[in-house]
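Assemble the whole structure, with the sequences as input and the hints as a guide.
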Amino acid sequence: MRTELVATVASLPQAKALLEAGADRLYLGEDYFGLRLPHSFDLDELAEVVQLTHQHHKKVTVAVNAIFHNDRIKKVGNYLRALQAMSVDEISVGDPGVIYLLQQLQITIPYIYDAADLVTSSRQINFWAKHQATAAVLAREVPYEEMVPLSKAIKIPVEVLVYGATVIHQSGRPLLRNYSNFVQEHLAETDRERGLFIAAPHHPETHYSIYEDVNGTHVFANNDVDLMTVLPKLWQLGLRRWKLDGLYADSQTFPQIVVAFDQARQLLDQQDNSVSLESQLQQLDVQVTHNQPNGRGLDLGFFDLDPNEVK
109 MRTELVATVA SLPQAKALLE AGADRLYLGE DYFGLRLPHS FDLDELAEVV
159 QLTHQHHKKV TVAVNAIFHN DRIKKVGNYL RALQAMSVDE ISVGDPGVIY
209 LLQQLQITIP YIYDAADLVT SSRQINFWAK HQATAAVLAR EVPYEEMVPL
259 SKAIKIPVEV LVYGATVIHQ SGRPLLRNYS NFVQEHLAET DRERGLFIAA
309 PHHPETHYSI YEDVNGTHVF ANNDVDLMTV LPKLWQLGLR RWKLDGLYAD
359 SQTFPQIVVA FDQARQLLDQ QDNSVSLESQ LQQLDVQVTH NQPNGRGLDL
409 GFFDLDPNEV K
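The numbering of the sequence shown is my numbering, which starts it at 109 and goes up by one.
Everything labelled a hint here was simulated from the structure, so no lab data went into it.
Here a beta-carbon is modelled for each residue, glycine too, at the ideal position from N, C-alpha and C.
It is possible that some hints are incorrect.
Capping the alpha-carbon separation at 30 Å, the derived lysine-lysine pairs in DSS-like fashion look like this [what the hints assert, rightly or not]:
1) K183 x K238
2) K166 x K183
3) K260 x K238
4) K341 x K167
5) K182 x K238
Computed spacing ranges between beta-carbons, pair by pair [claimed, not checked]:
6) Q371 x N178: 39 to 49 Å
7) N186 x Q344: 38 to 48 Å
8) P204 x L160: 38 to 48 Å
9) R189 x A224: 20 to 30 Å
In structure tokens form, the structure reads like this:
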């Protein structure tokens with residue numbers, strides 16, 4: 109199985125750059141239907157990206173993974189029909205109500221199951237495989253030690269975040285505006301571009317990015333994930349669908365990060381010797397760090413933690 113690189117998209121020009129950088133699949137959507145997107149694409153913009161991607165003989169996944177209450181899910185059916193009409197290759201879904209709509213409306217777009225931190229076991233993944241999921245997004249909190257047995261039991265491919273911001277909390281409530289009202293300090297903007305963050309008490313060095321959008325409030329881990337140096341472990345487990353999330357990346361330099369992971373993917377798929385590989389991955393990691401935005405740290409996330417520490 110060839111390793112697949114999935115990259116988020118912030119604009120049509122960036123989509124072109126990402127395809128040329130080596131991305132196999134572009135991930136995008138409209139924020140009314142999808143969570144934590146670098147840009148909210150309307151249907152006309154989506155159609156342009158789909159056409160461009162297919163011209164490059166690559167694929168598009170559209171996010172339909174929001175949490176839908178009764179008032180919002182009424183609009184999902186027409187959205188799914190529009191996505192099918194433009195030949196979207198895949199959608200990401202976390203709400204079983206959307207899966208029900210796919211069946212009821214006879215929408216034939218394949219879906220990847222994406223329920224955030226709920227996807228932590230092979231049994232859950234295989235359950236959704238029986239309900240036509242073609243892949244699943246592994247929870248960011250699953251460490252390597254738990255990936256090992258999971259990888260041996262899953263029936264469908266699993267997507268792993270190898271670069272980007274890790275969400276650690278989502279609330280449907282406007283927590284930033286509520287806080288602003290409580291302290292009587294007006295916040296003109298609460299979106300991602302404002303660059304707001306919170307710090308742990310007595311630990312001013314911590315930097316938990318936070319923003320609000322139509323889906324509520326989102327809080328992110330102190331550092332962004334960078335698994336470049338441990339990619340061989342994922343590759344050996346057969347976990348070869350790798351997600352690169354550019355939500356907080358610089359839109360101009362994010363394609364260069366994709367280039368680095370594409371080169372790493374090629375090294376692994378070509379089975380270079382391990383001594384040379386380790387050195388080359390270290391060099392590619394320098395490239396990732398060089399293109400990382402100032403003020404945003406990088407680490408392995410939950411990957412190297414003891415499972416007992418996570419629980």
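Practice prompt. Check each numbered hint from earlier against the structure, then list the numbers of those it violates in ascending order.
Written response: Of the numbered hints given earlier, the structure breaks just one, which is hint 8.
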